[in-house]
Structure formats: C-alpha cells, structure tokens
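Q: Using the hints, position chains U, Y and E against chain P.
Number of protein chains: 4
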Amino acid sequence: MAQDPWQNRWEQPYTDLALEATAALRGASGGEVPGVRMEESQAPGLRIARVEVFSPEGEAALGKAQGRYITLEAPGLRDRDPELQEAVRAALTRELAGLLDLRPETSVLVVGLGNAQATPDALGPRTVRRILVTRHLKAYMPPGQEGTLRPVAAIAPGVLGTTGLETGEVVRGVVQHMRPDRVVVIDALAARSIGRLGTTIQMADTGIQPGSGLGNARLGLTRETLGIPVVAIGVPTVVHAATVAFDTLDLLAREMKGKSPFFDLMAQFGPEERRRLIQEVLRPEVGDLVVTPKEIDDLIDAMARLLARALNDLLHTTPEAQALLRYAGG
Amino acid sequence: MAQDPWQNRWEQPYTDLALEATAALRGASGGEVPGVRMEESQAPGLRIARVEVFSPEGEAALGKAQGRYITLEAPGLRDRDPELQEAVRAALTRELAGLLDLRPETSVLVVGLGNAQATPDALGPRTVRRILVTRHLKAYMPPGQEGTLRPVAAIAPGVLGTTGLETGEVVRGVVQHMRPDRVVVIDALAARSIGRLGTTIQMADTGIQPGSGLGNARLGLTRETLGIPVVAIGVPTVVHAATVAFDTLDLLAREMKGKSPFFDLMAQFGPEERRRLIQEVLRPEVGDLVVTPKEIDDLIDAMARLLARALNDLLHTTPEAQALLRYAGG
Amino acid sequence: MAQDPWQNRWEQPYTDLALEATAALRGASGGEVPGVRMEESQAPGLRIARVEVFSPEGEAALGKAQGRYITLEAPGLRDRDPELQEAVRAALTRELAGLLDLRPETSVLVVGLGNAQATPDALGPRTVRRILVTRHLKAYMPPGQEGTLRPVAAIAPGVLGTTGLETGEVVRGVVQHMRPDRVVVIDALAARSIGRLGTTIQMADTGIQPGSGLGNARLGLTRETLGIPVVAIGVPTVVHAATVAFDTLDLLAREMKGKSPFFDLMAQFGPEERRRLIQEVLRPEVGDLVVTPKEIDDLIDAMARLLARALNDLLHTTPEAQALLRYAGG
Amino acid sequence: MAQDPWQNRWEQPYTDLALEATAALRGASGGEVPGVRMEESQAPGLRIARVEVFSPEGEAALGKAQGRYITLEAPGLRDRDPELQEAVRAALTRELAGLLDLRPETSVLVVGLGNAQATPDALGPRTVRRILVTRHLKAYMPPGQEGTLRPVAAIAPGVLGTTGLETGEVVRGVVQHMRPDRVVVIDALAARSIGRLGTTIQMADTGIQPGSGLGNARLGLTRETLGIPVVAIGVPTVVHAATVAFDTLDLLAREMKGKSPFFDLMAQFGPEERRRLIQEVLRPEVGDLVVTPKEIDDLIDAMARLLARALNDLLHTTPEAQALLRYAGG
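Chains as they are written, first to last, in this note's numbering: chain P, 20 to 349; chain U, 20 to 349; chain Y, 20 to 349; chain E, 20 to 349.
Everything labelled a hint here was simulated from the structure, so no lab data went into it.
Please read all numbers here as calculations on a predicted model, not as lab measurements.
Watch out, some of these pointers could steer you wrong.
Identical chains share a label here; the pair holds if one copy fits it or two copies do between them.
Below are the SDA-like pairs computed for lysine to any residue, each with C-alpha atoms no more than 25 Å apart in a straight line [claimed, not checked]:
#, residue 1, residue 2
1, K157, D332
2, K157, H335
3, K157, E314
4, K157, T336
Only chain P is shown next, with the shape it has when bound in the complex (with noise of 0.2 Å):
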C-alpha cells in the first residue's frame, strides 16, 4: 500500500467537519464510503461541499449522524474582499433556505453559543446581537397584518464557566416555553487545520452534538433532544498548538517524502500514535494551548456581521420586516 500514511491524519477519532471526516475515510479506502454521498461545487473564490450522511452504515464510518452537512470553504474571505463577502452571503441564505425548509409563518429561535467575553468564543453571542428579533412585535401589528412578520427569537445563554449552567439545557427550557418551528445554532468550532480560521462555514441539519465546539454544549441540541429541526452553523476560530505543529510536519513530510529515514519511520506509526508523540513533546511548554490568530476581534466581527446578514435576509422577507432591518442598521 503506497499511500502517504501522513495524509490520513483526518482518520483520528473527531473533527467538527464532516467533509474532513469524509476525505480521511476516502483517502484512507482509496474510494467511496458506503452509506455516505458527498458532492462539490466550485464558484469563483468559493467552494461548496455537501455531504450526506444516509444510513446506520455511513454514521458509524463517518463517526457523525446521519443528516447533510453542506460545507463553505472561501480562502479570500480572510482578506475581506466584498465581493467574495457577498457571494458568501448569499450562498449561505440559499443553502441555509434548503436545511430549514422555511414556510411564511414558520418561527425560528437563534441560539448564539459561546461566551460573550472570550472573543474568540463570541462569535454566537455577536451574531444573535445583530439578528432582528420579531416574536414579541405581533402584539404590535396593525389587526390583519400580524403575519407580515416571521416570529423570529434570539438568544445567547452563555457558557457553563460563567453561567454554572449547562448551555443545552438552557436552551430546552426557552424551546420548552416559546415552542418554535425551528432552532438555528450557531458556534465557534476548534479547527483542524490553520487554513480554516475564519475561511470556513459548516451548516447542518443534525444540530450539534454532545462535546463539539467550544460552547460547551455538553448536551446535545439535537432534533432528537428538542424535538424540533435544529440547524447548526459553525465557523472555525481556533486551533490547537499541536495542530499547527501537525500541520508542519505533514507538509514537511511531503517534501521530504523518501529522503528522510525519520519521517518513514514516523509513517510506520498510526496517526493517533503521531500526534499523541508530538503533544508528548510540545508538553509542557506548550500544553494544551488553543490558539487563535492576532487578528481575531476583526475576524470574529466580520463572521458575525455575515451570519447575521445571511440569517436576517432568510428569515426577514415580507416588506414590513425588511423596513424594520433598515431601521435597526441605522
């Protein structure tokens, strides 16, 4: 088996994407995997990958529930480019339209995971700052024109450091009271690779499970734990020191490919042996440091501006909600 045992590093157990998790399957089976379909659409600047993950058999390769999970990868956005901001944007309402299967009278309940005061782990709480909130305006309403506006809540429930409380089941109790049609989840995910920072968005139809992300969302929001469609979107915002070391030697190792004695005999070890002898060595200087890049307030700001732009167009259509953005982006 020629294959560079170095380009599997995806086969370790967890990442937060699952078209990560599909190409270290594909590339580890040299071909498809069985009960998961993926497809890829290029547009100038952007790439869009959906996977879906449809039978017991795929959730059980992949390590992630069965449901679609479409990916936006930009490497431009990093540099702010408005155009290609703008072709992200409306990329997301689209796909975003196909998850939630939205109807006019459909209400939805925004929850922004993470802690507001972290900024790396803000771009929840800044996002659903920026959604405009409608439920409570029905009373409001001219008699006759109480559908004009989509009943639209938000909500940021902190983190179990500041809070004491688990974020999942501060969310049941909200669904529990205000009942909607739908949940969008939004969070900032631990990344597997630098180039992710800020240029990737994940959505997907099987909400979030137990243990991802950074938000601490032990429990899971879930259809199952709700009991109502639950769309995650999740942006990468960090990576871990030994990623980044990872990450080096992987391209390292390209380069190096045959004429490096070490790196053929690093091969020989499993991926998880690798990466648990490269966290043994940075230990203890480096630890379990998560990292973020210097630019972060203005990354965390700009994803957040576009969620909430993407969502505000989704959810607000009717004239009578779009006038009411315009107020409030004074």
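A: Quick look at chains U, Y and E alone, frame taken from chain P:
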C-alpha cells in the same frame, strides 16, 4: 388640615420603592398604616429602612405584596467614598443574609435582569458577570470536599426587545432545570426622585412583580411563579424627565407656600392630576423621555462591583470558595 | 413691551448653539441683530439654519466668534427613520463640503473629542473609529496612483480627567507633526433643551472655543491656535437637570400667562436670576446633575455612524478610496 | 563541535527579549559575551534575569542598545495564582523603581502602545486606562499640598493603521508639550516561544527601538528621540505560527538526537536557513499567521491589572495619592 398636598406626590399609584409608598401613605393619613410596619436605623452616611407588609389590608393600602422590604440610602455613594462603600457592602451582606436564610448547602441562582447593551439598564448583567459561579465545579472537587462550595449559578436572560422572549419565562425555564433553593434577582429601577439615582438600594423577599423595573420582567419572578424564595435587589438608575420637573415644582412650592396663588391653585388638584398636567405641558418636547446621569457608565460599574462583592461575600464563605474568589479577582 | 420674558431664557451668557443665541437676541430686540445674518431652509423632516457672524459687533452681541454656523434640526432622528437619516447624511456631507473647501489633495485630520469610556461623551471617539484613515497608505499605492487617496488621519486624544493632558495641547502636537490642511473636530455638547438631544447637529468653521462642549477642550481648537481651517461638528447629548426644570416652568408659564401672579412675579426677575433661583431650589438634591436619555448607547452609536458616513463620503470620493471603504465596511 | 545547533535558534537576527539574545550568544560562544553582563536570581515561581549591555562591543554582539534589561519569568502567571501575582507585582514595582530613579516631584508620562480594538494588542491601552492620572489635579490641591501628588499623565496614542499617524510622532508631540521627567512605555510583544505568552515581562531603560513590538512604534521612543529617560515594559502576547512549528521541530530534534538522519541533515543548515525552510513549507496555508492563546481576553486583562497596580504603587506613594487610588479602585 395644614398639610402641604405637594408632599403627597407619592400617593400616586405606583412606585418601585416600598419606602416611598409607605412614607406617602403616612403623610396622607398622618400616622400608622394598618398592616404595615416600618422602622429605620442610621449609621454614618447610611440610612436603613425596613418596611414589612404583613396583612392583606397593608397589601391593599400600599399596592405592594406582603413581605419584607429593606432600603439602604447612602447619598455619599455618588462621591465614591471607599469607606462608605465598604459600610454599604457590609450592610448589604448582612441584610441579604436575613432575607435569604442560607444554610451551607443552599443552592442559589443569581439573575441579572436588563439589557447589557444599554448602559443604564446593564446593572443586572454586569453584576452577574462578577458573581463567582460554582455549581459546575462540584465534579472537580476532591472527594469529601464537594460540600465546601455552595452551588451558585448566574444568568443574564436579556430583555424582550433584544431576545423576543419574556424574561420571566426564560428564568422559569432555567429554574425548572436547575432547581435552585433560592433565586436572587438584580434589576435597575426607575426612580421617583433624581436624588435616589445610584444612592439607594432596595432589597425585598417578595421577588419582582409584573411591570416593575426596567427589565421588562412582565411575568413576575416571585415565590408564586417560581416555587422557591425569591429576593430582589433593585437600584434606581433612571428617572422620568417629568419627574425632574415635578421635583422642581414641588421644591418651589415649599419655598413659595402662601406666597403664590398659582401653587395654591395647583394644590387643589390631586397629585395624579398635577402629574398629568405637567406631562401634558411637557409633551411633545419631552414626551416620555427617561433620563440618567451623565456619569452612568461609572455609576453602573461601581454599583455592579458593590452588589457583586456583597453577594460573593454572602454566598462564598468557606476557605475553598474564598480562594477561588481571590483567583477570579486577579 | 408685552413680550413674555420667560421666552428670553437664551439671553443667558452661554449656549453652544449659535442658532439659539441668535434666536434669543432676535426675540429680545424684536428684529435683526447687527453683524449677524441668519437664514433658514426646510426639507421634509429637516430644518437647516445658517448663521453668519460677520463683524466684531455681531461677535460681541452673540458671544460667538466670527464665522459660519450651520445647524441641522431633525426631531425624527430620534425615531431612527432610515430615510430621514439618509437625508440628514446628505445634508451633512453637502454643508461640510461648503465649510471645508477641499481640493483632491487636501489632507485632513479628524479629531474625536471626549471620553470613550463615558457613553454620553463618547461621540467623538466612536466617530473617529469609523473614519477611513489613509494617510499611511500612500507608500503602498502603485506608482502614479498616490494621488488617488486623500491623506486622512484620525485621533481621539482623550480627556483631561483620564489623561492628565490638555486636549488642546495634544491636538496641537499632532497638528505640528502631521501638518494637515484641515482639521475636523467632533464633540458632544451640552444642550439647553432636552428636545435637542440626538436631533440637532451644529457645524461651524470657527473650530472649538475654550470651555465649550463636554470634551474639556480648554485650549481652543481654532484657526488661530492651529494655523489651519478648523471645522467643528457638535451634537447635544446631555442637558442640565436644572434645564429640564427650567423648560417645564417655561412651558407652564406660557400656559398660565395672565392666570398666575406667581409667574407674573417670576417674570420680573431677569432670566439669570430665575435660573439661579431654580438651581438654588434644586440644590442639594439635584445639584449640578447633568442628564442624558436612557437610550444614550443607541443614540451615540447611531449618531457616530451618521457622522462617519457623512465624513467618509466627503473625504473619500475616488474609486480607489470607495473600494477601501467597502472593504472596511465589511 | 558537540553543540546541538537546534538550540541556537536565538542566533537569529532579532528578538525583543535581551535575555533570549544573550542566552543564544552564550550558547553559541560557550561562555561570556564581551560587553554584556548577565545575572539571574530566583524566588519561588519567579526567575529574574538582569542583562546589562555596557559597551559598543556588547551592543554589536547582541543587537541591543546599551542599557539595562530586566526580565521576569513566572510560568505560573498563566494559572492566575493570586500569591504569585502579588510576588510578581512586588518585583515589578521594585525593579521599575531601580530603572526609573524617581524623586517625589519627578513627573511621569505613561504611554500605552497598541490598538485598543484588537485584544492581543490592547495591553498598553488597557493598562493606561487603570493608571491614576494626577497631573491636572495640582490646581485642586489645598495650598501647600501641591507637592503631595506626583504629576502623572497617561495616553494611548493608537496605532498607525487606525490613526494614520506614526505613534512615535504623536508621543513626541505630547512630550514636547508636557515636558515630563520620565516616560514609561507599555507594549505587547511578539514572542519567540509560545511558553512566554503572558508569563514573561521585560523592562528596559533603553526605551523602544524602531520596528520592535506590535505597536508600530516605527520611530523609536528612546532617550535620544525624546530627550528624557524612557523605560519600556513589554509582555509577549503573540507568536508566529511558524515559531510554533519551529519549537516543535526543535523539541523533536532533542528527542531524536542521533536517531534521525533527517535532523542531522537539518542541523547542517544555519538557523535562519532552517527558519526560512519552515516558512516556505508552511506557506501558503499558514503564511505570516501570528497567533495568540484562546484565553487572550483574560490574559490581557490580568496583565493590564498587574502592570497598572505595580505602576500605581510605584508612582503614588503619598497618603493623598493612596487615598485617590482607593477611590478610583471603587
């Protein structure tokens, strides 16, 4: 009857402060109010008034639920005197201890009402941000020491205008999950008198009634709605512009007594009529304008620090908790 | 002379707004003020007043330096009507163009006075944060295109109370280094009337005189002190509590005219005496309290966005600069 | 030559920390560096290194201006141990006292470099926000007590990218006006090693050289440019992603010594060549990415509090100043 009717402005239907409601009734009736007990004590720079409403008769007379209301008045707080702040903090801790009746294992949920993005309404959120939460730490304590940390959680549920959700229902959802033994609710209040802004703190074991405060807690947060004791802490941070005018005329009236047929004329109106007259005159220029002092950022921060210190002192008394407090205080 | 002296409150020694000073004098003298020209124009929802002080006589009468003062009044700004905001922005851009007299290569320093940590005083700092600065980009432009970006710099020098430095001297130091062709100074003002809060914008080509505004610009920022044209933009964001009372009595007086010997008595005092009387009466409870609307966070943000948009539109007109603006706007 | 060349990575042309530069040279030459003195002392959890560059020879060897460099290393700061923080604060105050040589009337300007809107670069601005400024209070002191407050001013001049102005020139303008006796400059640094982030503090009486730090102080802030003693305080808050990779390979190399022909091969390159190789390999995915820990908000706040406390303790020793500090500390 020689009484100056201008002093009866507190007859008006609603004030957040039981102290003011009682003072008004006493003024009007010239003596005791049936079903209401009131006592006052003094310390340098600090006045403590305790009002107890103990019968349906008192409840009806005062328009206040049965229970205990404690008001601290310290005009010097505006000058940020650190010794006075310390005296107020100690008084707060002591009075809250009386209202909350805590045993070592009593769990507490602290709720910060209000809008974190609107400075005069941010007292609740900024206070809870400084509360040491410990409920989630139990699992990390060494065996046999789980009892050394009182379980404390804290949440800022936001306001209807930015979440689309009734605050009361969000809190109810959290309480149903967490099942705390006590709830402490912190809110910014609208004062009747500009002299109270940032200088008066009211505590009550009645919780928060619908419609009171700034925080849109339209569904009450009370023992009745939550099923457990609820202690409310409120601090006046805003005042109606009309109140400023009202205060001025009131003060002028005292100066002008007997000298001014105008004020003698005005005195023949009831206080509500007078208030309505003033509001009419002030409209449209002033309208429903509510104002806050120019130094509101400092005022809110100082008060949030004060309340959080008093609560942390009260809730976290073991050496283990005190050590955590020092860490957090950094 | 049957004139109601209560309307003469603007005779008082100082107001930041030339419009009010002129109106007061006209009211008092019943006609034209020598050395002062005033004209007004209207658009839907928007009134523009142009006052020109063109002789030492006018300067003495008005207590205002010779120069042009333009005031935009748009009460509807308080309701955040986006169409009105757009109309105000266009008017601002146009009027500032007239005052600044820019050629393509004219360099501009934008100075945001005030304390970024005190919301009602943060208009200047929050506006400059949104100004596109380009002065340092010249070096990065392709050869032959250096002229496509007007050199713009922006600074928020802080206030005496938090820096220990006279704002005027800091600005003077920067001007001496940068040698801009124009300075634009933005400041929050104390209004005479609560109706003006967040609804009035004054521009003047006289710069800022010592002692005016909130920003402690005790050393003037004027053509005399800086050696170049200085245009000031001021927006009332706070008002003395005593003014609210004054307004009320003033309004009451009109209603009560002829009916109230009290007001007839009061009318015999001069306006300064009346103001002193009211301040005495209000002390100690109100003292020198200065207030701001409860919605001050929103008001400052909306106004900072509005001013920055108007300035960016005016300063950055080339396609290259417009492209940068779109990037920054993200 | 038995020496492991991987340890010589500090031979590279530039590091902000004199300690690292000296250690590298010593490693390379196997002993003393002419013109450079270095001594170290230890306290529990805290290591203090004093480097003195005392001749042109030392200056050339180290690439550092003549002067004293003091480095505090306290890895435990990352865990927020309050006792260690207190020990570090005391050491900071003591060492700064030695560098600043203050008499009671010596006036001081504290300059916080960096961008207040970019968390990892906000150390300077957030520190100065906590400095008690007193220079403007002289006029308010009772006669005969003017000398009880040392004149202290503080400014955060912003960064070139958001002001369009060279920081160095803004500071120079302020110094020319204020004419302080000493300047203290605070800046966030780029570290060479992730282990230093938030755990190392360097002080130097050489000021800040062009090109160093994050704060874009391209014009030096030194005794030469400002005409008075300048003490710089720097704290590493970011690190190049390539450095993380470099560190990893370095650590791996030590483990693999003798076992890996690859590393033996690499060792034959000079350190700059190795660094260039790694950067080439990492590009384009990593590029010039600079990273910071996920907990950067907490790190900056804790460090700003620590520095401000040390400086306030040093600058404000009279009872009058201590009383003001307590007021401000609220």
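Q: Each hint: holds or not?
A: Outcome of the hint check:
1. K157 / D332: within (19 Å within a copy, 38 Å between copies)
2. K157 / H335: within (14 Å within a copy, 42 Å between copies)
3. K157 / E314: Answer is between; shortest inter-copy Cα gap is 23 Å, intra-copy 40 Å.
4. K157 / T336: Classified as within: same-chain Cα gap 16 Å, cross-chain 43 Å, threshold 25 Å.
Violated hints for the displayed structure: none, as all numbered hints are satisfied.
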